[in-house]
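Trainee: Next come the chains, spelled out residue by residue.
There are 2 protein chains.
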Amino acid sequence: MSEPKSKNIVWSESQVAPEQREAILGHKPATLWFTGLSGAGKSTVALATEVALVERGINAFILDGDNVRHGLNSNLGFSPEDRTENIRRIGEVCKLFCDAGNIVFSAFISPYREDRDLVREKHPAGSFIEVHVHAPLEVCESRDVKGLYKKARAGEIPEFTGISAPYEAPENAELIVNTAENDLDACVAIVIKYLEDNGFIPAK
Amino acid sequence: MSEPKSKNIVWSESQVAPEQREAILGHKPATLWFTGLSGAGKSTVALATEVALVERGINAFILDGDNVRHGLNSNLGFSPEDRTENIRRIGEVCKLFCDAGNIVFSAFISPYREDRDLVREKHPAGSFIEVHVHAPLEVCESRDVKGLYKKARAGEIPEFTGISAPYEAPENAELIVNTAENDLDACVAIVIKYLEDNGFIPAK
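Protein chains in written order, with the working numbering: chain U, 12 to 215; chain P, 12 to 215.
Certain hints may be false.
Said to hold, decoys possible - Distance condition first, Cα-Cα at most 25 Å in a straight line; then the derived SDA-like pairs of lysine to any residue:
hint, chain 1, residue 1, chain 2, residue 2
1, P, Lys39, U, Arg67
2, P, Lys204, U, Arg67
3, U, Lys39, P, Ala34
4, U, Lys39, P, Ile35
If you are wondering where the hints come from, they were derived from the structure by calculation, not from laboratory data.
Predicted model, so just to flag it, every value in this text is computed and none were measured.
Just chain U, with the same shape it has in the complex (with noise of 0.2 Å):
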């Protein structure tokens, strides 16, 4: 872990034990890093998926790059250095989060494979869970929901992901959502699915 830039600055220690929120909860701490370029559906799962949760009485809440751009991250652009502080912020917010007991999903393109490592190695073993939601970029490309992409295509936002600025794809995803293939329903349910064969949740 690097040196914080402030001295003079001592750990404290919550008195909760971790077990003690996971039996308030009835569920383990768990961060949902969905990755993926710009119209793989990385948003809509998400919010599917957490309205899934909650029907079956998880409080499950999504950090999404859209919101976050408006409020933590606001002070921030697309230059590559800001990408990554606004992963790095976005990492630790997650690691917040399961520190405090909860389920929470990420919803960033994150195009460097290096910030989502880093984002993983601040997390305790096991709460950190990388979803590559994908779709080949023409299919992205033809849905282009937002109109972002004929904006790039015409030169009319530089450093776009998958057209002007690279997107590095996990290679070892604990998960691979596949939105061309899937549909909203049968994507939410390999999400679910994992969540329950690994113990993040009870089984329904």
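Dock chain P against the given chain U, drawing on the hints supplied.
Mentor: Using the frame of chain U, we list chain P on its own:
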């Protein structure tokens, strides 16, 4: 609300209503923003209140000044700008915890009134509770748990709140917890009573 630096971002709405989270968790969301001098007892009162709430089945969680600086804000120091950015980020994280239905404590000196008011403004009405954890400077200095006042008086720590940097006390805090006149149990009881009386948690 200020415009985010990044354009081409769209607000995604969660399809989960706050009432659904409240029904699952059994309490309303709240940020308890503890502010006060170093040594006033912010972390001590927050840690003990966290335990008391968890014993009642309420999964409260603390964002601690010392802890967050090891993670989310490890790239910030103690200059006025860095303190402001420190508080801004923490405020946004508190808001995210509230959005997720949680009761979250922040235990930071947070010396500037304007910074705290900005955090308040970010929160939905009624979910931000400013708690002035108060003890006279001479009491805080005589405690000097971390030896910081001694270092500050020796000039070894620049910009130390109360000694070489200002502390702007809250003018309209929802709650004042005087740690010079109450023992720890009484301080915890003051906070718990506020949460009960204002409908954040069920009465015991």
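Trainee: Each of the hints needs a verdict: does it hold here or not?
Mentor: Verification of the supplied hints:
no., hint, verdict
1, Lys39(P) with Arg67(U), "holds, 19 Å"
2, Lys204(P) with Arg67(U), "violated, 32 Å"
3, Lys39(U) with Ala34(P), "holds, 19 Å"
4, Lys39(U) with Ile35(P), "holds, 16 Å"
The earlier numbered hint that this structure contradicts is number 2, and it is the only one.
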